[in-house]
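Enquirer: Starting from the known structure of chain G, arrange chain U on it as the hints suggest.
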Amino acid sequence: MHRTKVRVAEDALDANTTIAEANRHDFDHSDVRVVNLMSAPGAGKTTLLERVLDDLGDLRAGVLEGDVKGSFDADRLAQMHVPVTQLNTDPSFGGECHLDANMVRTAMPQLPLEDIDLLVIENVGNLVCPAEFKVGEDARAMICSVTEGEDKPLKYPLMFRTCELVVVNKIDLLPHLDFDLDALLANIEAVNPGAETMLVSAKTGEGTEVFSSWLQRVGARAPAAA
Amino acid sequence: MHELALSTAILETVMRHAKGRRVTQVDMTIGTMRQVVPDSLDFYFGVVTRGTLAEGAKLEQEIVPAELRCRDCSRNWNPDPDFPDFRCPGCIGSNIQVLAGTEFEVESINVHEPDADQAPAQDKEAECIAPR
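The listed protein sequences correspond, in order, to chains G and U. Counting with our numbering, you get residues 51 to 276 for the letters of the first sequence. Counting with our numbering, you get residues 92 to 223 for the letters of the second sequence.
Just chain U, with the same shape it has in the complex:
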């Protein structure tokens, strides 16, 4: 449903890190709480990348299940995706911490790097490795 808007945000992030290089793959981590439909995201990513340096790039989606923790009784659990109850199944408390499931991260991209001997200019970007 909102995959078109999200695809545009992914493309913007990818292009900023690609710095003019051709992109062949994008690796993402996506939490189930983002309600993203993987096939739909794949489709729209293909649409928004048309005519860009990421055209034809493969979108790898690692799906992360939601994991919650009750701060009151220290119980951890995975909520039912079809009935997302955010109260603790143990003590019915609502002092809940979301441990996982909200991710929407571009982890890495694969780019075509010109070889040093054929591209003397500008491209020293292989080290644009952002520390986590």
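Bound conformation, chain G alone:
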């Protein structure tokens, strides 16, 4: 027995990236654009989708609902007349706190790709792990609600940097909070210069039409050559 050093020189997430590219290829093949929607738990992903899913014009949307357990969000979205597919990380995927490319791959056969133009993947609520794992998306968007604190971009730069859009939600609560909105926007700009931001209240509907338009624009994008 002797020791050998084996050179690897490989990103530890390469395997995930390879599967994500395969997913992307399949989505492109069906001419479906994909949004990976992320946020902390309770930021309002499902409520925002409830607001906008029937406000997308001719764009046919579907949702892949990622949760550790249960189908609470999928049950809510099922009222919206859009196809919703539930993907739980528990027990099949060890109760992971994020979706990865392989999990999305296993859900692929249940997705009605021929009947939709846009798939919104509602990731598991978490500001850390989902940022690391590509799933085959065209665009990454996140929600940051004003109850979370204006320092969040500085604490979770990996997440804020990876998203091209940051939706600031729950602005109806601003009069009741000691929250510095300008500081939040400045912190987003510092961490991810040029990132698009929008101010919405999923509860009252204020500003949500801007998010609807953004989804429509993503839906109209040409497939990016993988």
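Everything labelled a hint here was simulated from the structure, so no lab data went into it. Glycine included, every Cβ here is placed at the ideal spot set by N, Cα and C. What you were told as hints is all true, and nothing was included just to trick you.
Residues of chain U placed beyond 10 Å of chain G at every Cβ, according to the derived structure:
| id | residue |
| --- | --- |
| 1 | 111 |
| 2 | 130 |
| 3 | 141 |
| 4 | 153 |
As a list, the in silico BS3-like pairs of lysine-lysine whose alpha-carbon atoms are at most 27 Å apart:
| id | chain 1 | residue 1 | chain 2 | residue 2 |
| --- | --- | --- | --- | --- |
| 5 | U | 149 | U | 110 |
| 6 | U | 149 | G | 55 |
| 7 | G | 55 | U | 110 |
| 8 | G | 253 | G | 119 |
Expert: Showing chain U alone in chain G's frame:
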């Protein structure tokens, strides 16, 4: 925080290259922008390798500081880890290139190689050296 998920990804990569051999050390390069807590990664790596051929393997982490470059004024700088501002401190421009700090690479692994005279079968893998 996300070190458990990352440890699983490391183990998968290591096992693919170990090809059935016992692993005694894993050398990694990790950029500070990955927000990895070294002690936490060490801990979870120990957890996920239990019962595998990499059980007890040492995880060597070489930490690479973030380095940015402004494409407009060609300035290079290392951002403050506690206040990660990605705008150029010189011209406040945001046309930024990340030169270093996003690495999460398994560079190499140390394995136990059976000696040729005692292991006639299968193991010719010492040359599985991937060119960079």
